[in-house]
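Colleague: As given, the protein sequences belong to chains A and B, one line each in that order. Numbering that gives the first Met the number 0 applies: residue 0 is where the first sequence begins, and numbers increase by one. Numbering that gives the first Met the number 0 applies: residue 0 is where the second sequence begins, and numbers increase by one.
The hints are simulated quantities; they were obtained by calculation from the structure and are not laboratory data. Beta carbons: idealized from backbone N, C-alpha and C, even for Gly. There are no misleading hints in this set.
With a cut-off of at most 27 angstroms between alpha-carbon atoms, the simulated DSSO-like pairs for lysine-lysine come out as follows:
hint	chain 1	residue 1	chain 2	residue 2
1	B	LYS370	A	LYS179
2	A	LYS186	A	LYS165
3	A	LYS186	A	LYS230
4	A	LYS227	A	LYS66
5	B	LYS265	A	LYS117
Which residues of chain B face chain A? A few of them, derived with a C-beta cut under 10 angstroms, are:
hint	residue
6	VAL235
7	ARG239
8	ALA248
9	SER255
10	LYS265
Facing chain B, according to a computed beta carbon distance under 8 angstroms, are these residues of chain A, among others:
hint	residue
11	ASP87
12	ALA89
13	LEU93
14	MET94
15	ARG98
16	MET102
17	ARG104
18	THR107
19	GLN111
20	PRO112
21	LEU115
22	LEU116
23	ALA142
24	GLY144
25	THR145
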Amino acid sequence: MAEPLIRAEKLVKRFGPFTALNGIDLEIYRGEVHALLGDNGAGKSTLIKVLAGVHQPTEGQLYVEGKPVTFQSPRDATEAGIGTVYQDLALNPLMSVTRNFFMGRELTTGPQPFGLLKMDEMDRITHDEMVKIGIDISDPGQAVGTMSGGQRQTLAIARAIHFGAKVLILDEPTSALGQKQQMEVLKTIARVRARGDIAIIFITHNEVHSNLVADRFTFLALGEVIGKGTKEELKGKDIRHLMAGGVEMADLEQEIAAI
Amino acid sequence: MSEASQPGTKRTESDRLKKGGTFSSLMRRPEAGAFLVMIVVIAAIAFASEGNAFNPLGLKNNLSVIAQFGIIATGACLLMIAGDFDLSIGSMIGFAGMSMAMMLKWGLPFGLGEATPVTAFFFTLVMTLALGWLIGTIVVKSKLSSFIVTLAFLFFLRGLTEVCFRVINSSTQISGLPDYKEQSWFAYMFGGEAFGFVYDIWFWLGGNLNRAGNQWVTGLDARVVWWLLVAALAYVVLSRTQAGNWIFATGDNRESARANGVPVDKTRVSLFMFTAFCATLFAACQVFDTNTADAAKGNLKELEAIAIAVVGGTLMTGGFGSVIGVVFGAITFGLVANAVFFIPAIDGSYYRVFVGVVLLTAVFLNESVRKRITGGL
Ligand SMILES: Nc1ncnc2c1ncn2[C@@H]1O[C@H](COP(=O)(O)OP(=O)(O)O)[C@@H](O)[C@H]1O
Ligand SMILES: [Mg+2]
Numbered sequence: 000m001a002e003p004l005i006r007a008e009k010l011v012k013r014f015g016p017f018t019a020l021n022g023i024d025l026e027i028y029r030g031e032v033h034a035l036l037g038d039n040g041a042g043k044s045t046l047i048k049v050l051a052g053v054h055q056p057t058e059g060q061l062y063v064e065g066k067p068v069t070f071q072s073p074r075d076a077t078e079a080g081i082g083t084v085y086q087d088l089a090l091n092p093l094m095s096v097t098r099n100f101f102m103g104r105e106l107t108t109g110p111q112p113f114g115l116l117k118m119d120e121m122d123r124i125t126h127d128e129m130v131k132i133g134i135d136i137s138d139p140g141q142a143v144g145t146m147s148g149g150q151r152q153t154l155a156i157a158r159a160i161h162f163g164a165k166v167l168i169l170d171e172p173t174s175a176l177g178q179k180q181q182m183e184v185l186k187t188i189a190r191v192r193a194r195g196d197i198a199i200i201f202i203t204h205n206e207v208h209s210n211l212v213a214d215r216f217t218f219l220a221l222g223e224v225i226g227k228g229t230k231e232e233l234k235g236k237d238i239r240h241l242m243a244g245g246v247e248m249a250d251l252e253q254e255i256a257a258i
Numbered sequence: 000m001s002e003a004s005q006p007g008t009k010r011t012e013s014d015r016l017k018k019g020g021t022f023s024s025l026m027r028r029p030e031a032g033a034f035l036v037m038i039v040v041i042a043a044i045a046f047a048s049e050g051n052a053f054n055p056l057g058l059k060n061n062l063s064v065i066a067q068f069g070i071i072a073t074g075a076c077l078l079m080i081a082g083d084f085d086l087s088i089g090s091m092i093g094f095a096g097m098s099m100a101m102m103l104k105w106g107l108p109f110g111l112g113e114a115t116p117v118t119a120f121f122f123t124l125v126m127t128l129a130l131g132w133l134i135g136t137i138v139v140k141s142k143l144s145s146f147i148v149t150l151a152f153l154f155f156l157r158g159l160t161e162v163c164f165r166v167i168n169s170s171t172q173i174s175g176l177p178d179y180k181e182q183s184w185f186a187y188m189f190g191g192e193a194f195g196f197v198y199d200i201w202f203w204l205g206g207n208l209n210r211a212g213n214q215w216v217t218g219l220d221a222r223v224v225w226w227l228l229v230a231a232l233a234y235v236v237l238s239r240t241q242a243g244n245w246i247f248a249t250g251d252n253r254e255s256a257r258a259n260g261v262p263v264d265k266t267r268v269s270l271f272m273f274t275a276f277c278a279t280l281f282a283a284c285q286v287f288d289t290n291t292a293d294a295a296k297g298n299l300k301e302l303e304a305i306a307i308a309v310v311g312g313t314l315m316t317g318g319f320g321s322v323i324g325v326v327f328g329a330i331t332f333g334l335v336a337n338a339v340f341f342i343p344a345i346d347g348s349y350y351r352v353f354v355g356v357v358l359l360t361a362v363f364l365n366e367s368v369r370k371r372i373t374g375g376l
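Next up, chain A with everything else stripped away, as it sits in the complex:
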């Protein structure tokens, strides 16, 4: 197998006396969807925040394309090609699709920051980038507040890709959505995957969702990796068991019955 795009080696993250991550190894490969699974509090969000430069690891090392890197800020991570789509999506509801797409990175002619916006070009790029991953917005001047949750998700993803993300981190992108829109987001993930050059880290609680789109799985429990592998390797294993953090379903049934 080729060099991973991102490799984390023995990552430890402590918050004071609390060990949120306890020696995590993780490999992210190009063109793959990597599902990060685990119970609430397992450390998934902490792990991706380390990858995104929000937290600095207490111990351990990150490698991007084989080279050791240290991220001091989210900006460093963005420059290294790691794009995070946060749960709030960092979108502004009152602004148009195009103005959101280029927020902070506007295309202009003339002296900064009073350069005139190249609105036509930005409209065209926004439209094209969104079509590529499956949404044909009719009016790029539409306010983002009037879009559906799935469309917003797609906008945030398209924006991250356009501005150079090689790795997309999606933290529970489906958790706040209805059934149909969850499917839209999964389709978007599948389309990004089909490009072949972008890696996706996909955090979810939903076994069905991860099975639908993921190529590789990592299971976290109490800050440690309790299982990992490709879809093939994990065939026949009890994914639900791993997702529950190693708790036996049978035990659980007994416990519930005993109440």
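Since chain A is already given, all that's left is putting chain B with the ligands on it; use the hints.
Modeller: Then chain B with the ligands, alone, in the frame of chain A:
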């Protein structure tokens, strides 16, 4: 089979966005309400004053007040779109007017000798911009609400203005300064006249006559030009430039703007400096027009500026608004504030009654606009 699922008419999410014609999209613009109110007010005042509000002198006087409102409301509007308030505008007007008049009467500070209109203006501008920067920096660094920080400066600057007057001038008024606009082109730019050609043409066409049959009014106040310049500039910056996108982004969702690399703090501080600039412009036009200054100048102007911005369609919560709407709002407020001079039968205090009613209506209207855009959030 239902209508929506007929073959060949597969509905997508974007079909749910209702599209209307040109008229309905015009009506959905933030300034639509302000435009309608303005038209009604113009018609009502023209009728009630029997046209006198728009005769040569009426037009000049009305536009003078409108321009004053317009200049400060434009600053207030941009600042509000970025999510902040400036309650110090009125006190800043008083401070700037005091500073200019005081320098003209008593000379420049630090023993730099006699002041000219140019030096008095620029010395003052440097101070007010520095104050704007200070206010903005305190707001940004302390993370306190701009409402409370600028409220503090409302008191601080007004008090400082009065103290300076009493200590240096031993009276809270300055009057009888030389008529600088007669000697200095710079003072004339603020206190002189403009658009004289309009009144000349009006005269040639047979209007604009006084009782003796000569030309009556020679031009509009120069501040009308400043208002149009400030409004045009603000319009272009807000809707056509990168800085404008930063202003909207900062006011809509500050954290997401920051996450996307928008220089949120710089944008906010710059806008506090812009409102200070607008207040200084207001004061300069007043000082060089009347050659007087007074410690009470600008009192309550900050609230009128905010009211005009809101009536112009600017959201109190930031992220949305229109400079054009503020132009309409300023025209409306200026006409109503002046109406008492043209309609002797009414009580001047109706102006504030009107402001109250229009303001409340506008807030409800804006709120419904916001709900529609954000899908009821
Ligand atoms: N900034 C922080 N300070 C202290 N504890 C934290 C912080 N962030 C996360 N934690 C703790 O680390 C653990 C893992 O949290 P998190 O990574 O958010 O879990 P997950 O996303 O898997 O639900 C939790 O017990 C949480 O309380
Ligand atoms: Mg989490």
